[in-house]
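Those protein sequences? They're chains P and B, same order as listed.
If you count the first sequence from 1, position 12 lands on 12 in this note's numbering, and the numbers rise without skipping.
For this note's numbering, count along the second sequence from 1 and bump the result up by 1000.
Worth flagging that the hints you see were computed from the coordinates, not collected in a lab.
Cβ atoms here follow ideal geometry from the backbone N, Cα and C, with glycine treated the same way.
A few of these clues could be false.
What the hints assert, rightly or not - Residues of chain B placed beyond 12 Å of chain P at every Cβ, according to the derived structure:
id: 1; residue: R1078
id: 2; residue: A1244
id: 3; residue: G1540
Claimed, not checked - Below, in silico cross-link-like pairs of lysine to any residue (SDA-like), each with a Cα-Cα straight-line distance of 20 Å or less:
id: 4; chain 1: P; residue 1: K120; chain 2: B; residue 2: A1449
id: 5; chain 1: B; residue 1: K1475; chain 2: P; residue 2: T43
id: 6; chain 1: P; residue 1: K120; chain 2: B; residue 2: K1475
id: 7; chain 1: B; residue 1: K1475; chain 2: P; residue 2: G115
id: 8; chain 1: P; residue 1: K80; chain 2: B; residue 2: A1449
id: 9; chain 1: P; residue 1: K4; chain 2: B; residue 2: K1475
id: 10; chain 1: B; residue 1: K1470; chain 2: P; residue 2: G113
id: 11; chain 1: B; residue 1: K1470; chain 2: P; residue 2: F112
id: 12; chain 1: B; residue 1: K1456; chain 2: P; residue 2: P96
If you want the building blocks of each chain, they are given just below.
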Amino acid sequence: MERKIRVLIAKPGLDGHDRGAKVIARALRDAGMEVIYTGLRQTPEQIVSAAIQEDVDVIGLSILSGAHNHLFPRVVELLKQSGAENVLVFGGGVIPEEDIPFLKSKGIAEVFGPGTPTSKTIEFIRANLKRPLN
Amino acid sequence: MTDLEKLQQDLTTWTTKVEKANEKYPERKKQFVTGSNAPVKRVYTPLDQKDFDYEKKLGLPGEFPYTSGVQPTMYRGRLWTMRQYAGFGTAEESNARYKYLLEQGQTGLSVAFDLPTQIGYDSDHPLSEGEVGKVGVAIDSLADMETLFGGIPLDKVSTSMTINAPAAVLLAMYIAVAEKQGVSADKLNGTIQNDILKEYIARGTYIFPPAPSMRLITDIFEYCAKNVPNWNTISISGYHIREAGSTAVQEVAFTLADGIAYVEAALKAGLDVDEFGPRLSFFFNAHNDLFEEVAKFRAARRVWAHIMRDRFGAKNPKSWMLRFHTQTGGSTLTAQQPDNNIIRVTLQALAAVLGGTQSLHTNSRDEALALPTEEAVRIALRTQQIIAYESGVAETVDPLAGSYYVESLTDRIETEVLQYIKRIDDLGGAVKAIEQGYIQQEIQDSAYAWQMDVEKNERIIVGLNKFQIKENPPKGLLRVDPAVGERQKQKLAALRSSRDQGAVERTLAALRNAARGTDNLMVPILEAVKAYATLGEICGVLREEFGEYKPNVMF
């Protein structure tokens, strides 16, 4: 039997806007995934350590303050340093389109902007997992 | 037969006829609902307002319960204050934007601070990395505040500051800058947001736990009543509650429940309700459902007037009046076809004006994408000016009063708000309801339901789930210079090496002492600010004494 997909939804930085993070967390849970939400103001170090401890397949990062170029790549870097490259990392929030190529080059698999249906994120996760489910 | 009985009979006959015709030509939807999912009937008649009593329910403008407005002449006397929330980068850049907005006819300032400032960290704190100057201006010390208001006479403008956990520190800096300009504190006009409860609920820039946070707030109430009498000491905010996904009813209910908690805290601290009551102000959102939003503002005024008079025994009519700022709804803006946002903002601004707002911020079309450009802000300000000078809606007070629909919506919102307030009272008040996660859960449920409705196309958002087009990525977005963080760190290092370190240490020690006792904290904070102690140092002392808030994380 296939195990459930495990996801960590995280809010790096000081930004307090977590409507989107909570909606996506709930949508993923309703889609049958096991979801952990970190709450606000997490450092990249805290996020990566939670991801490893919870043995997640996926990390979803949400930022609306504009600090994404600084904080998103740091998470991927720390995952690599911890030997956890097989964790799929995606992002969301208020992120200008012109920043997306840079973020992708730093290992963020996809960036979902305002107005993205949760179903699209769910499909993306299922299609791009880096670890087998059985 | 009375007129109403005859109307009832005619309505029944009419309904039968209409329903029959509907079998052939059905209405667009099976069920019509407001923007907040409340049912909407086909028609509203005098039967929906059988017990309508003008003086009891509305009151003449400027009279209890202020449903029609808090001033007798409303916008015939003076238009609302046009106040665009602005700030980014360094104090120099923000100062230039403020001067530009004042030249363009804006009538009040509204300061946006960056996240480190809002959370009480200096720009050189490790957690400030990447955030300095991003969502607002970076303020580390009185020196930055002097630059921010350079060339702006503080006795001539009113300034609103979106600052909560460290509100006392920023207010103290403002008072100190004014003093240097030769303006005494009693001449200052403005507002600090200072609303910590909605930070716990929805906005996230909390620092300290509830008890010391409430003390800081009531210390500000007391200090300002004596020294800064024209200052709005708090802006009790529904804005962020709505942005987090609440309905219109929840926005009003949770905001007023927070208001009740502040009044109770101040009474417990020994203050007189009529001393601080007139300085309480509010801040609401405006979304797209025009009539429901207008009704929301009217209902909020009525409910608050009764709370202050009947529940708290306030005697001064100024304590009964709910005065409020409005900002149009950021979460209603789309990143898709962003020019359409100008029309959304127009509808929302219209609702705020028809609802009797005292001041207004109109969002810029590009805010789902980035901070607004100067051009986008100008269009947003022009939107207010067109409503004010061309639409005619400001020429009479409460133009929708007496509309069967709007009065029915107002009554329904009032009833449902009172039900929520009762439930929160039963839980032990807003602070307890927040600690238990009740308020957050209610909002999250509404946010999720909204998202699912949009995904199922049960709610249409033009350009998002209907009428989409292929678009190129938007060009010319505002970008904050990433070097801001470095520049701010250098300024801070220079300050730390040039100031009188002995004075900093003395004033911070005095603050620590006051925090351990019960003296009003505004006094030692003002002294520390004047000695150029930094925001991070002042909040650092308070962090050590008060501890930090630990939220209960849920989704």
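Query - Numbers of the earlier hints that this structure fails to satisfy, in rising order - result: Hints 2, 5, 6, 8, 9, 12 are the ones this structure does not satisfy, whereas the remaining hints hold.
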